[in-house]
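Starting from the given sequences, assemble the full structure and let the hints guide the process.
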Amino acid sequence: SFVLTLVLKWFFCLESNMTDAATNMRLKLPITCFILEIILIILFGTLVQYDYETDAKEWHNTSHQDYENDFYFRYPSFQDVHVMIFVGFGFLMTFLQRYGFGSVGFNFLIAAFSLQWATLMQGFFHGMHGGKIHIGVESMINADFCTGSVLISFGAVLGKTSPIQLLTMAIFEVTLFAVNEFILLSLLGTKDAGGSMTIHTFGAYFGLMVTRILYRPNLDKSKHRNSSVYHSDLFAMIGTVYLWMFWPSFNSAITAHGDDQHRTALNTYYSLAACTLATYGMSAITSHDGKLDMVHIQNAALAGGVAVGTAGEMMLTPFGSMIVGFMAGIISVLGFKFLSPILEDKLKIQDTCGIHNLHGMPGVLGAIVGAVTAALATTDVYGQGMADVFPAVADGSVNATKQGGIQALSLAITLGIAVLGGLIVGFVLKLPVFGTPPDTLCFEDSVYWEVSLMRPERDHRVQVHFIYISNHKHVCEIMCNICVIYVAVFIFLT
Amino acid sequence: SFVLTLVLKWFFCLESNMTDAATNMRLKLPITCFILEIILIILFGTLVQYDYETDAKEWHNTSHQDYENDFYFRYPSFQDVHVMIFVGFGFLMTFLQRYGFGSVGFNFLIAAFSLQWATLMQGFFHGMHGGKIHIGVESMINADFCTGSVLISFGAVLGKTSPIQLLTMAIFEVTLFAVNEFILLSLLGTKDAGGSMTIHTFGAYFGLMVTRILYRPNLDKSKHRNSSVYHSDLFAMIGTVYLWMFWPSFNSAITAHGDDQHRTALNTYYSLAACTLATYGMSAITSHDGKLDMVHIQNAALAGGVAVGTAGEMMLTPFGSMIVGFMAGIISVLGFKFLSPILEDKLKIQDTCGIHNLHGMPGVLGAIVGAVTAALATTDVYGQGMADVFPAVADGSVNATKQGGIQALSLAITLGIAVLGGLIVGFVLKLPVFGTPPDTLCFEDSVYWEVSLMRPERDHRVQVHFIYISNHKHVCEIMCNICVIYVAVFIFLT
Amino acid sequence: SFVLTLVLKWFFCLESNMTDAATNMRLKLPITCFILEIILIILFGTLVQYDYETDAKEWHNTSHQDYENDFYFRYPSFQDVHVMIFVGFGFLMTFLQRYGFGSVGFNFLIAAFSLQWATLMQGFFHGMHGGKIHIGVESMINADFCTGSVLISFGAVLGKTSPIQLLTMAIFEVTLFAVNEFILLSLLGTKDAGGSMTIHTFGAYFGLMVTRILYRPNLDKSKHRNSSVYHSDLFAMIGTVYLWMFWPSFNSAITAHGDDQHRTALNTYYSLAACTLATYGMSAITSHDGKLDMVHIQNAALAGGVAVGTAGEMMLTPFGSMIVGFMAGIISVLGFKFLSPILEDKLKIQDTCGIHNLHGMPGVLGAIVGAVTAALATTDVYGQGMADVFPAVADGSVNATKQGGIQALSLAITLGIAVLGGLIVGFVLKLPVFGTPPDTLCFEDSVYWEVSLMRPERDHRVQVHFIYISNHKHVCEIMCNICVIYVAVFIFLT
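Top to bottom, those sequences are chains U, H and D. Following the UniProt record's numbering, the numbering of the first sequence begins with 1 at its first residue and continues without gaps. Following the UniProt record's numbering, the numbering of the second sequence begins with 1 at its first residue and continues without gaps. Following the UniProt record's numbering, the numbering of the third sequence begins with 1 at its first residue and continues without gaps.
I should point out that these hints are in silico values taken from the structure, not numbers from a laboratory.
Distance ranges between label pairs, derived from CB positions:
#1 U:131 - H:376: 21 to 27 Å
#2 U:179 - H:344: 48 to 54 Å
#3 U:380 - D:396: 44 to 50 Å
List time: in silico BS3-like cross-link candidates among lysine-lysine, alpha-carbon distance up to 30 Å:
#4 U:402 - D:57
#5 H:28 - D:337
#6 H:402 - U:57
Quick look at which bits of chain H chain D covers, simulated, 3 or more residues with Cβ under 8 Å:
#7 25-39
#8 64-73
#9 81-87
#10 99-107
#11 126-138
#12 228-240
Where is the CB? At the ideal position from N, CA and C, for every residue including glycine.
Next up, the structure:
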């Protein structure tokens, strides 16, 4: 009985200090959520209006056929993008064995906040009409895009931040995203429909800087939880596959109607297919025994979509798209294998999901490909379609070479704003008021979530045992057999 | 060896009386399925026809462009609704640890039945053309909507009913749904495109009455299974996220073409986003240590979609939508925390999924919001679009205030039919012929499903051990170490 | 200590010979992937062009409205098909307890390869315009369709083949698929929009022949892994439900615009619903204690989609569709119950996923239904729509009866090419250079994938123990209690 008590105590001691006062969200999270939402509602009330395709009066004031409403051109793409944001990003991050709730749940929270805040910020910078922000399906897609950028940054700090930190990061990042987007798309006339620069490069380097500032020297105390188990990898594959399938919709969602949307989807489709073969090849070659690594498959196979984010709407040709996708897959796996450890050890950048390999480098590659493709654009190839893809080239205000230069400049600006912004926001998030988890409890859901398995109610003890025994009967059986053998050997020896 | 036998026997005794004669579906289920399907086929053969947009001859008889076919206006929305019905509802209910097969599987069965039966019932009440029911993409959406209502009721009785009971419930509920829908939409001219009343309020109060009549005083014998485990909660999040993402398509699926579909999707999008922030805030504030509760996130975050089901197509504005969504999230979490225990303890309503909090109260809220918004409608705001949203107001047969009154009356009628219908159907389901599970085996898949883990074939015993050992090697190792320590201590003590 | 060593050794001996030299993919897989992708890129560079709806210049050269672009008619269906290929097929096969990575991952790899190769092969046979292959959304759907056929064959050999074998199979199967499709659709004028013959029958009998040639007499050495566990069945249900929901899009994806797409979706919807009820009924009646079998639900419920693949676009009527679906469900469950064991024991066809029951027999049924429906076509029923469905009948070059004959002949040709092709490719795959897994390690992910659970790094031992103890605390507790009881009994007896 003494021994029994000892053993049982040892098990239960694990349970203590799970509920640290510092990480208690009882007041912090509700206050943050309510204040943010009330501010959003007030700002929407004073600033936001239906656009003419959404407003009952406006739409019926002008003569249109119903099928000309932008809704029918973009809503299916919008829904695909929406799935990528909530299922794609959410489940991609469930690969961690004890952070599935946090991955899907915090993804859900910050996405729901960001899309509202992005509507305001993007509307403020480039959607004002007579003092009002006009919204419709295109602004919804843009808000989801901006949200995607925040979720990329979330990938870098996954498991090491409190929900309040994440909401705070979202407030700043959405704002800076809108500033950068305004400079690029509105001031410079950059083309970036799929967001290689505005979404991926921006989100990645912003997130990397934040995680750099939030560097935890003792993170290896949570090392054992910073990895996957069998079923968590399968959940993550749900995210991967949805991102992969719907990326053609992502890149084509806000390109011009007609051939442009069609072409962008096609280019992305082939880029991703080529990227996938490169990923499988590279994954096998870089492992010591030729086994495929789920981390590579889950992430690098998507780099092909990132890398044609800028050039996808251009006359890149399927041939060009496949070359770009192929290169993106190779770069991305090499990044996971060789660059990530260096970033962590030398530069102290702890990048949980490896966003540098999936969004950072492929985003930069995509920007460069976009600049080159733009510089090579000719009327011979684009014909009258030039006005859709490069309006400034079509109306003669810049030539193609200069458009290429603008694209390259845009990359530099994006990197600058992302790095600087990330540094500043990182320092803000370091303030000791956000309830960040201790080093010993990173990558652990039970810090912020009720996790039923770990705390069964006392009065159900007996039933719980029975469930376990019925669920794990064979383990139990084996154990018993082992005990028997063991004791038999013991008797034999004595 | 004697001890070994004893221990093994103890394990296996659990297996007995799993296969109760009463719950045996060997004949009952096939007979029910076959008779129902044959009746359906005969009725379809005598009553159902393609509508003019689906029929080869009819469509080509009139002069149309192909893109004017309703298919292109509604099919993407239909598919989103379809995903909500089969993946959304199905996986949302997999949160129970041992009822995943039943959740997805019975959801699948009763949905496949209901959508056929609903086609007939809805067609009979408001789709007859010259003695024939005309069907096309709009009738498919309506059939899925009606199915949704049955699945809401399923949520209340989840885990406590046999498949035959569920099919029987579906037969009656679909019929009453069609009656109620006919009274509201056809007789009174109520507007309810997203079904706050017809789908959510009706399904919820019907289901609550059924579960009230099927009250089990000894349900706590299955209490240990009436909860989630880590991975079952992740599966449920798949359902939640799909419902959340596609709710804009749900509410806009059968609104008028053009600005109406566009506006409804937009309103729902912002309502849901606001609802999500309210849910996270309320979940943290109502828990004793500030931890988020998966039950709230999985359910209450969706209340915003329910609550704009009626008013979503109206000129509610994003501002109005967000206020409604925000309120719905708060009400829903409070319902889970404070009202559900009261319903169970005082009113003896055992509501497995908490449908009162997700569909009941938010549905009523949505009906009220719809009535108020309708009463406030002016030509100044709606312009020529009034004819789409409120045809009776546009043609002058009622004024806006009266339309509001009709909306309010419709809520009362819906509640009346749902409660009365649920009571009667509950008594029908109480007949002791349906093979309902005993109190000790509720929330348990192995009653109606082959569950491989629990009954490995005898001749594979050795292999099974090996799999378990290889899958759970570390548990085994630890156990052995513990044994060693244990015996060592034992020897030391003796 | 001696005993401890013994026990530990026994556990770890399992780990040896996991990394067999023969199955090592370190060089084979990268070389295969890279060479294939480079060949694809070169061929795309020399042969492939945007079609006129995707090309910026071509589209703007002719006068069109943007909404007339085929993109808006087919892209939503394309995305649904894409989900079926990657999520549907991928997750359907995750039912195996230890082959989830291989199911989703190899599905991903061979699909990404096949869709590129299919673009070329199908383009070569029936998409050449002036020496160039023209591509757009329709060719993307066709490439996905061809990929589907390869994935059906993959289902037969699942768990028993290396990725190189699968890629090799895909190379040949895609080629033969394109040949068969060319003979049917282009030479004979067969109608098969949903691919009952070209996709399902072809893929099934091809795969069955391949697995026949690859027969493993000692496969029962891996028998214990050739089954499902609780959560793997839930993952598989994700695949099932997506296939089920999106099958209306699959069958209607490449039918003519307007009423044809509309009608095909409708027919498939009702066929699947009827099939589902038949499946549940048959599953209960064929099991000895009336319990539903997940294998049937996951597979047979889909047979209704396969069986209306040919006739879905015709004037089959919902009545006809439901009869076909009902029959398909019955046939499919009977196949699983009675035919599959015979195929395995007598004909030595080891069909892992039972593709003969889901794709083989229902595909043949679909072809027959198509032939009969075609033979019965009259202008009275089709009107001007005859030109869309049966152009050869409309222009008088064949009569309806002859069209029916052509359909029946096409089934025979498809079966011939599939069986012969499968035999030859089976022998190719038997060459001992592909790194096929040994009989003892079939259905096992760790042969080709890094599986974290099974090989934790040594230095994390202690942490790993802690995770396990915290995750499986109650198992541990029970074990300890048992030990205590055990030792107590032991003491008592001695």
